[in-house]
Structures are given as C-alpha cells and as structure tokens.
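Q: Can you make the complete structure from the sequences, with help from the hints?
Taken in sequence, the protein lines are chains A and B. All you need for the working numbering is the position in the first sequence, starting with 1, plus 8. All you need for the working numbering is the position in the second sequence, starting with 1, plus 24.
What the hints contain is simulated information worked out from the structure, not anything from laboratory work. Cβ atoms here follow ideal geometry from the backbone N, Cα and C, with glycine treated the same way. Among the hints, erroneous ones may be present.
Unchecked claim - Ranges between beta-carbon positions, derived for each pair: (1) B:Q216 x A:Y196: 33 to 43 angstroms; (2) A:L366 x B:A80: 52 to 62 angstroms; (3) A:G245 x B:T158: 51 to 61 angstroms; (4) B:E90 x A:T158: 55 to 65 angstroms; (5) B:A80 x A:P222: 51 to 61 angstroms; (6) A:L42 x B:T158: 50 to 60 angstroms; (7) A:A86 x B:N217: 49 to 59 angstroms.
As the list claims (entries may be wrong) - If the Cβ cut is set under 8 angstroms, some of the chain A residues that face chain B in the computed set are: (8) D47; (9) A104; (10) Q105; (11) E206; (12) R280; (13) A281; (14) V283; (15) L290; (16) A291; (17) R293; (18) F295; (19) G296; (20) D298; (21) R301.
Unchecked claim - A few chain B residues that face chain A, going by a derived Cβ cut-off under 10 angstroms, partial list only: (22) D45; (23) I74; (24) P96; (25) E97; (26) I106; (27) R116; (28) Q124; (29) H128; (30) R171; (31) P249.
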Amino acid sequence: MNGPRAATWLLWAGPAFVLAWVLGFLLTPEVRGLAEPQDFAGLAGLAALAAIAWCAWRALDRRGLLTVFDEARHRAPAQFGLSVLLCAAVFPLILAQLGKYYWIHVGALSLIYVILAVGLNLVVGFAGLLVIGFAAFYGIGAYAAAIVTTEVGDLPHMIWLLIPAAAVLSAAFGVLLGVPTLRLRGDYLAIVTLGFGEITRIVFTNWDTLTRGPRGISGVGSFQIGGWNLMHPLDVGPLRLDGDTQYYYLILAAALLGVFLAHRLNHSRIGRAWVAMREDELAARSFGIDVARCKILAFAIGAAYAGVAGVFFGSLQGFVDPTSFSFLESVLILSMVVLGGMGSLSGSVVAAVLLVILPEKLQMLRDYRMLIFGLLMILLMIVRPQGLIPSRRRMLELGSRPG
Amino acid sequence: MGLLDVAGLTSGYGGPPVLHDIDLTVGESEWVTLLGANAAGKTTLLKTLIGVLPAASGAVRLNGREIQALPPEERLRLGLAIVPEGRRVFTRMTVQENLQMGAHLFGGGRAEDFDRVYSLFPRMAERRRQKAGTLSGGEQQMLALGRALMSRPRLILLDEPSMGLAPKLVAEVFALLRGILTEGVSILLVEQNAKMALKSSARAYVLRLGRMVLSGSSADLAENPEVRQAYLGG
Ligand SMILES: Nc1ncnc2c1ncn2[C@@H]1O[C@H](COP(=O)(O)OP(=O)(O)O)[C@@H](O)[C@H]1O
Ligand SMILES: [Mg+2]
Numbered sequence: 009m010n011g012p013r014a015a016t017w018l019l020w021a022g023p024a025f026v027l028a029w030v031l032g033f034l035l036t037p038e039v040r041g042l043a044e045p046q047d048f049a050g051l052a053g054l055a056a057l058a059a060i061a062w063c064a065w066r067a068l069d070r071r072g073l074l075t076v077f078d079e080a081r082h083r084a085p086a087q088f089g090l091s092v093l094l095c096a097a098v099f100p101l102i103l104a105q106l107g108k109y110y111w112i113h114v115g116a117l118s119l120i121y122v123i124l125a126v127g128l129n130l131v132v133g134f135a136g137l138l139v140i141g142f143a144a145f146y147g148i149g150a151y152a153a154a155i156v157t158t159e160v161g162d163l164p165h166m167i168w169l170l171i172p173a174a175a176v177l178s179a180a181f182g183v184l185l186g187v188p189t190l191r192l193r194g195d196y197l198a199i200v201t202l203g204f205g206e207i208t209r210i211v212f213t214n215w216d217t218l219t220r221g222p223r224g225i226s227g228v229g230s231f232q233i234g235g236w237n238l239m240h241p242l243d244v245g246p247l248r249l250d251g252d253t254q255y256y257y258l259i260l261a262a263a264l265l266g267v268f269l270a271h272r273l274n275h276s277r278i279g280r281a282w283v284a285m286r287e288d289e290l291a292a293r294s295f296g297i298d299v300a301r302c303k304i305l306a307f308a309i310g311a312a313y314a315g316v317a318g319v320f321f322g323s324l325q326g327f328v329d330p331t332s333f334s335f336l337e338s339v340l341i342l343s344m345v346v347l348g349g350m351g352s353l354s355g356s357v358v359a360a361v362l363l364v365i366l367p368e369k370l371q372m373l374r375d376y377r378m379l380i381f382g383l384l385m386i387l388l389m390i391v392r393p394q395g396l397i398p399s400r401r402r403m404l405e406l407g408s409r410p411g
Numbered sequence: 025m026g027l028l029d030v031a032g033l034t035s036g037y038g039g040p041p042v043l044h045d046i047d048l049t050v051g052e053s054e055w056v057t058l059l060g061a062n063a064a065g066k067t068t069l070l071k072t073l074i075g076v077l078p079a080a081s082g083a084v085r086l087n088g089r090e091i092q093a094l095p096p097e098e099r100l101r102l103g104l105a106i107v108p109e110g111r112r113v114f115t116r117m118t119v120q121e122n123l124q125m126g127a128h129l130f131g132g133g134r135a136e137d138f139d140r141v142y143s144l145f146p147r148m149a150e151r152r153r154q155k156a157g158t159l160s161g162g163e164q165q166m167l168a169l170g171r172a173l174m175s176r177p178r179l180i181l182l183d184e185p186s187m188g189l190a191p192k193l194v195a196e197v198f199a200l201l202r203g204i205l206t207e208g209v210s211i212l213l214v215e216q217n218a219k220m221a222l223k224s225s226a227r228a229y230v231l232r233l234g235r236m237v238l239s240g241s242s243a244d245l246a247e248n249p250e251v252r253q254a255y256l257g258g
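A: Below, the structure is given as structure tokens:
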C-alpha cells in the first residue's frame, strides 16, 4: 500500500473504528459483580471488544501500519484533528438517541480530565518536573468556584469570570510551590509536591468555615449565557440537549483550546527552552535560559489548567468535597500522562478518556482500580515505554525510531 | 586592557576552592590557549567565566565592564559564548533547533546568522532537520561551534574541542577557528592536546592544580622544557 495514501485513509478509518468500538463498549451491559446473567453478558461483550481491539492492534502492527498512523498524525495533523473532533462532536448526540444520558456525563468528565492531563503533561512531560500532588490545583479551582458562587451569590455570569480567576489563583499557588522547590529534582520534588497535595486536601477537609469540611459544598453555580442556563434542557430543532450535553460541548471547547494552546506553547521559544532544560540543564543555562523562570512558568501554567478544570468540575457536578482531590486523584492524572506518553498531547487526550471511561464500565473492579492501573503501567513500560501515542522527541529519547 | 580581564579569581564548587587567584587576559581578536592536565581546573575556569558557577572572589571584566555579578544570560548578551566540554549539543533537538538555542536570547536566531553558520558548516545545512543525537562526534563538535556563533560572540570559550576527534577533524576544527579569528572574534581555547593549539595561538597559559603557573607567547611556551615535557610528549 502506498504510504502517504494509506495514511490519509487511516485518518478517517481510524476514528470511525474508534467510534464504533466506543459505542459497542457503551452498549455492553456494565459488569457490577458476577451474580446476574447480564454481568456475564457484559463480561463476554467486553472480552469480545478487547479481542477485536487486540486483533486490530496486531494487524496494524504487523503491517507496519502503526508507524504509518504515527506518520499520518504528524504529516496531516489538521485532518487527523478534524476526524477526532468529528467523533467527539457526535458522541453525545448518538448517546442521547440511545438514552444513555449517564455516559454523556462521563464524557464531559473525561474532557475535564483531558484538560488536567494536558496541564500536568506541560509540567511533567515538557518541563520534566515530576509533580505528584496535581489534584491540589484542581481542588483549588473547584473550591474557588464553589465558594464564590455560593457565598457571594450566584450572579448570572460570574462563573465565566471564575475561569480566569481560578486560573490565576491556581497559578499563584503553582508559583508558591515552585519557588521553594526549584533546587529539588526527581524524587525529592515528587515527595514535596505530594506533601503539598495532602496539605491542600487536609485544608479542604478542616477549614470548616470556608469549605464546610467533609460535608462539601453543594449548589455550585452553573454556566449561563444571557438568560439561558446551560444546565436546563435546550431544544435545538428535533434534538433535545440536556444539561450534561451542553456542558459536554462547553468543556469540549475548553479542552480544545487547552490542547491548542499547549501545542503552540510546545513549539514556542518557551517550549524549546523546556526541552533544552530537560535534556541538559547546565548547557541550557550556558545559552541564557533562565532555568528557574522556566520551571516556575511550567508550574504556573500547569496549575492554571488544573484550576480551570476545577471550575468546570465544580459546576458540572454542582457539588465539591475533599474526596475528589485526594492523592489517588493525583495518581490518576499522572497515570494519564504516563500512559499517553510524556510530552505527547494526543497521548494525554486518549489516555484521559480511556482512564475515565474504563473504570465506569468495569464497576466490579472499581475497588481494584489502582491495582489495575499499576499493572497497566508496568505492562506499558515493558511493551511500549514511550506511551500509547509517543511524542516524536520522546521516541528519540527512548531510543526507538521516530515513526 | 584586553577584551577579557580576569584578576585574582578564586572559584570552586562550594568546598575548598578549585581555582586560586587566577589572572588571565584575552585581547581583541586574540587567540589564547590554556593548557593544563586533567583536573587542573580548566573546565571550572570556563564555567566560572560564563557565569554558571559563581566565583568566590576576584574580578572578571569583559570589555572593561565588571561582569562578575551578572547571570549567564547577561554575559551572553555582552558577547561571551561557550563550546562546552564534551560538546553538549541538545541531542533530542534538530540541528536547526540547536542553532536556535544558541541564539535563544536573541529571538531564536537571525536569518543571516543561520546563513553564516550553514555556509561555514555545509554538512550542518544538509542535516538541519536531523536530530543532533544522530550526528557523528565531529559533526556534533561543528554544531556546538555553530551554536556558539549564533549569539554573535566577541569571545568564544572552547573546552577541549579536539577531544575524541580523528586528527583530520581536529585540523578541520582548527582551520575553522582561524577563520573565525580573522572575523574579529577572540578565542580562549582549553586544550590538553597542545601542539596544534600552541601553533595556532598568540599567547598561552598553563594551569596546574588550580593555579596559573606559566604564561607567555605560544612560541616561547612551545620551547619551554617543562611544557615540552608535560604537554608535547618530550
Ligand atoms: N561538579 C563538580 N563538583 C565538585 N567538584 C568538581 C566538579 N567538577 C569538577 N570538580 C573538581 O574540580 C577540579 C577541577 O576539575 P575540572 O575543572 O573539570 O578540570 P579540567 O577541566 O582541567 O580537567 C577537579 O578536582 C574536580 O574533581
Ligand atoms: Mg575539563
């Protein structure tokens, strides 16, 4: 098959296959335990889907199409992006027809995680700073939205202003954490940021007068445009869009913007400085890169992403409490970055969606979620250490040939 | 007064000083060689000069201006660039990106600077989209030199550029340096491989255990029995 042409074809066939597969996945009954006949049906369905995915993967791999796919992604990013976007746009419409409204909510959640994973990837993947307590910034954004909209009163358009406000607030905390940890690297930085995450969670739990402690805050404001509240059902011709669907599109727009900005950043002067710093800090300093400033900038930008994601989360759920910003949450976001591939934006997107949707389906395994993620990570490190969708640079770093 | 004037410089890594009371001068369009055995402190001196290592005491002047307290980026702006020991090109970046890094402070490089470097190093032009990690040792050395030139330096510090290169490539590097010198750029070359360095440079210094023990014209030093014994193989 002719390389480039096969690639163009894959750009459309790939997402179509993914969409079909996702729909099949959503239609299989959930596996809650192993008691009801439908659990077995669900398990069989999931096994079949796994087999299909595995065969497709092997077939692609055998014929070298996977590299063609990687190549296509880089050579025709516009087409690739468009086909993925098309998938994302029709997703809630199809689900609404099927009556699976809950999955639209899960879809919106997964988009919030896309923002989080991309933000953390800027810090960990691009700037090379191993930050673990990332959920702290997410929580700061969510609590900011919750506190302001409930305490000050839910003025019609205030939540829009809370997006930049939460971004700035989280970024400020990012700088606050970044400055004293400048000299730390690797494991030490990981430990300190982990501590920061825990402290933040404890503050959320104990600062009763502000956060209402473990009871959490309900009645977080929703997004409004003019007199129209995005949480209220909206009829567009024959289609009825419920609140989750409207939020889905709102967050999709934000996630797109986030990915786009991260992409631009990666190819900017700052992005190059990050790469240089990650590779050889001393050499980078010799060429006038202010390493301290670069690191703090990464902290601030990553934290701002998390803050914005927090506002969407608080508003989507209408409720925030400290359990949403636990250590496990931070691990989950970091897993998305590692699974998708460090420094790979498309990888973060795919991994975020995967790691949100999969546990929803395998309810039975929810308690073992972390165990399974752990096993998945180990497996990944053995089979494809550069991540599911490796970035070009990382492919080189890890010694495999760029696709 | 020279382009670079170092007086009474003491420096190290936080413990006991590695360099003691160093005096050194490099003039305008002058090529100065710094000789010294392993661990004499040559690399430490260059790191201190570009500002990635803070000096304990002493004065460093560039073009009459005291630069001791300035961060690396300010020194780079004032015309100090380095070709570091072991090249240290950014292996994961392309050749072009490496050159951009050299001019990072100046908006990533002016078109005429790229043209100049690519005409000096035609092989780099052919490989501009290739990752620097895939280049041979000699090519990486050329790239490191090109990267340093991108900031339009007045003085280039080179840390053992001939290390690990075949004699033919060493000759090529030295020929390039002579070309750069005629364009008015000064050179401070650190070498263990002294023969060619002394032949090309005007003056030379010898560093031993962190102290300057000898200095003079390169021709004189090449005749010095001590230097012949230690660096020229008898
Ligand atoms: N990063 C460092 N930390 C501590 N000591 C160092 C470091 N680098 C070099 N040294 C010490 O400084 C001395 C001079 O080293 P260096 O400047 O690299 O010598 P040269 O370049 O002449 O071979 C040596 O004793 C070496 O052990
Ligand atoms: Mg050295």
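Q: Kindly indicate which numbered hints from before are broken by the structure, ordering the numbers from low to high.
A: 8, 9, 10, 11, 21, 22, 31
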